[in-house]
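Visitor: Quick note on the working numbering: the sequence shown kicks off at 1 and runs consecutively.
One or more hints might be untrue.
[Stated by the list, open to error] Capping the alpha-carbon separation at 30 Å, the derived lysine-lysine pairs in DSBU-like fashion look like this:
no., residue 1, residue 2
1, K34, K65
2, K4, K35
3, K12, K195
4, K12, K199
The set of hints was computed from the structure by calculation and includes no laboratory data.
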Amino acid sequence: MSAKIVAFINFKGGVGKTANVVNLGAYLAADFNKKVLVVDLDAQSNTTFWLLQPMVWRERIEDRKRTTYQIFADGVDGSEHFDFDQAVIQGAPRDGNNVGLIPNLHLLPASIGLIEVEARILEHKNARTWLFLRRQIVPHRARYDYIFLDCPPNIFAVVKNALCCADAYIVPYNSDYLSLSGFRLFANELRSFRKYLAKHDPRASLAQIKGIIINRFRQRGNVYGDAIVQLERQLDTLREDGLVDADAQILEPYVRDCTAVAGSADEHLPVNLFRSHAIGAEDYQSLAANFLQAL
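Construct the entire structure; sequences and hints are all you get.
Guide: In structure tokens form, the structure reads like this:
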């Protein structure tokens, strides 16, 4: 077994990226018996907050050595303080007694320290800079079926590490015209960076956008339907131009706008444990099944 490493990326914020990582990972682990590691790379630590009760995550993020921050601090400093086994939380989410509720779902938490480490990485930028994450994650991929990289909404140093580490990219997406207008620009940025990587590591240039997850879908009039039609047309063009994988697709079903999904974050639970019969839960369960086939 060797995990498929998937980066969830979009340089537009508020598109449901964290919800996709948490809930898709939870269903794959709970319903499909897949071993999933979620790696939080966002300084906002939303995935970490979602999956840990306040007292648990507060204790964890105060010890930066047991977060993704230390991966990059080690890379810049040339130190070796990061310990994968000490950092990974086996069984997430954790309840108030720190008991794991989904044994197959593991979490490598983030820390706000990732903000400061961005500047430090850029000060030392070279070809090895983009390998910090890969060197710490890839040796452990045999333990998992999937490793999800939850990226911040940018294409800065930490995200470029994720791009270099991943086998495939998934783009969380809101079905509106503003998102559509930036999608081609985003795909071009990814290709430019892949070309740069190819000069130093041919393997790192192989990953491409494999799928798009549409979030907060609402069937009201023709607005959302028309936006998806436009996205499908643009996806066809991007395939022809080699900006996405030849088999890239919009993953179905679309995740409908659902208050239970947002509410589950407040309870520090994925939606399958919070309200399993909500429409968002139904969508994520079906999405997980289709995700397995698509990747």
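Visitor: Tell me the hint numbers this structure goes against, listed in increasing order.
Guide: none
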